[in-house]
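**Student:** Listed here are the chains, written in short residue letters.
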Amino acid sequence: MTVLIVLVALAVGAYLVAVLESWAVHGRLEPARPAISALALLGRESLLARTPDRLFFEAGPVVLLVAGLLAVAVIPLAPGLIVTDLATGALFLNAALAYVLVALIMAGWGPNGAYAMIGGWRFLGQFVAYAMLIVMPITAVAMRAESLSTVDIVTSQSTLWNIAYQPLGFVLFVAAAMGLCWLPPLDLPTARGDLAGGIEAEYTGARLAVLRLARMVLIMALAGATVTFYLGGWLGPWLPAWAWSAIKILFVAGLMVSVGRLVPRVREAQYLEISWKLGIPLALANIFLVGVITLVVPI
Amino acid sequence: MTPQMIFLMFFGGAAVWFGIVVFRTLSMVRSALALLFSQTAVGVMFLLMQAEFLGVLQIMMMATEMSVMAIFMVMFMMDPGGMGAMDMTHQKRLSLWAGGIGFVAALAVIWLADWGPANLQIPDATEQTAELGRELLGRSMFIFESAALMILTAMVAATMVAIHPSEGRKR
Chain A
1 MTVLIVLVAL AVGAYLVAVL ESWAVHGRLE PARPAISALA LLGRESLLAR
51 TPDRLFFEAG PVVLLVAGLL AVAVIPLAPG LIVTDLATGA LFLNAALAYV
101 LVALIMAGWG PNGAYAMIGG WRFLGQFVAY AMLIVMPITA VAMRAESLST
151 VDIVTSQSTL WNIAYQPLGF VLFVAAAMGL CWLPPLDLPT ARGDLAGGIE
201 AEYTGARLAV LRLARMVLIM ALAGATVTFY LGGWLGPWLP AWAWSAIKIL
251 FVAGLMVSVG RLVPRVREAQ YLEISWKLGI PLALANIFLV GVITLVVPI
Chain B
300 MTPQMIFLMF FGGAAVWFGI VVFRTLSMVR SALALLFSQT AVGVMFLLMQ
350 AEFLGVLQIM MMATEMSVMA IFMVMFMMDP GGMGAMDMTH QKRLSLWAGG
400 IGFVAALAVI WLADWGPANL QIPDATEQTA ELGRELLGRS MFIFESAALM
450 ILTAMVAATM VAIHPSEGRK R
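First to last, the protein sequences are chains A and B.
First residue of the first sequence? That's 1 in the working numbering, and the numbers climb one at a time after it.
First residue of the second sequence? That's 300 in the working numbering, and the numbers climb one at a time after it.
Isolated chain A (complex conformation) (with noise of 0.2 Å):
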């Protein structure tokens, strides 16, 4: 029963956050957008191209899927909604996130095509980059909560969110999930400029609509994860607890998807050079610092 409220819940939310997103990037609000293209994409014959490595080819967008729905497995809606609270939760989380990027080289390499083939290398230098920085904060936020599992880590918040606790994890956290979900100006793997489309250049018709679906549920998965770890996951006042999951997750998944849109695209060794040079020492100075709270303040 939980599965499917939590399954109900993720669709709902991953179309809202689609009307938001073609929002984002046609400048008109068109809520039944997404169901067009949708039907548009299904409707479509699904290309295959020449010499493929068909096993890859196949199973990309669907291990790009089951990746997402697995890390949305262990986010806490409510007290008790939450498809399986485990005691490694949070290191749970970073292990499906890790097979994105196995997906994503699958997808790349599977078409044989030079420009899929790139963007899926592309997402590997990216990850390079952002892969310290997911971990790294959320060690800090395990540190405080005293333990792994995502539920723990909500009510550990019940007097201080984690936004103002740690900011610094925040901002390096959602800058990382960015690169993650390969959302603009991160978005080099699937840039339609100079790849055409990168990774989604060979891709067509279902199979192009899966590989849509997988990245709108990680979106879901990624703002879910910010909530439960930096701002008090169903934590508020008045609302009922799923009501404060859902504003808040909506909340952090619009702007996941618009305000990155407003600014020029980074290449990925500027990324690399900034998540190495600069991202990584302040992540250790975080874990630093909120051990040194967590050990004199007792918040």
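Just so you know, these hints were derived from the structure itself, not from any lab.
Keep in mind that the hints are not guaranteed to be accurate.
[Claimed, not checked] Simulated pairs of lysine to aspartate or glutamate, DMTMM-like, Cα-Cα distance not exceeding 25 Å: (1) A:Lys277 x B:Asp378; (2) A:Lys277 x B:Glu364; (3) A:Lys277 x A:Asp187; (4) B:Lys391 x B:Asp378.
Since the structure is predicted, the reported quantities are computational estimates derived from the model, not experimental observations.
Following the hints, put chain B in place on chain A, whose structure we already have.
**Tutor:** Quick look at chain B alone, frame taken from chain A:
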């Protein structure tokens, strides 16, 4: 036979099968990802044996490691897609002997070692994680710290070797 044992045998078989696939395919990316799925199956075996932290950690680490290995194999091999049907194996006699001896040694360790009685009282996942933390920051700290320092040294050295000397002057 419990369902746990059946699943354990299934994933053990999967780990061995994917290990064989690594050498049966000519595509370097397929080879790297087959090794990944072999290691993921080992991670699932950890999960089945109720070592939650170790299982999740294994599944996470291998995904990134094998993907990075894939790009290195594509960069350095002459026929990364395997479409030219090039034979990239070498030193076959030596590898057969090394593999055979390793296999026999592993079997000998499995059969001859005194494993002690099976642990029936398994602590829950939270306690396991806490105990692992105490172990890593206590008795085993020196081993892990020295390993970390060695890896860091190797990373710095590898970067120094990779950078062409004239590149620094151009900037």
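**Student:** If a hint holds in the structure, say so; if it doesn't, say that too.
**Tutor:** Outcome of the hint check:
1. For a cut-off of 25 Å, the pair hint linking Lys277 (chain A) to Asp378 (chain B) is broken: about 35 Å separates their Cα positions.
2. With a CA separation close to 22 Å, the supplied pair Lys277 (chain A) and Glu364 (chain B) stays within the 25 Å bound.
3. For a cut-off of 25 Å, the pair hint linking Lys277 (chain A) to Asp187 (chain A) stands: about 21 Å separates their Cα positions.
4. Between Lys391 (chain B) and Asp378 (chain B) the alpha-carbon distance is near 19 Å, which keeps this suggested pair within the 25 Å criterion.
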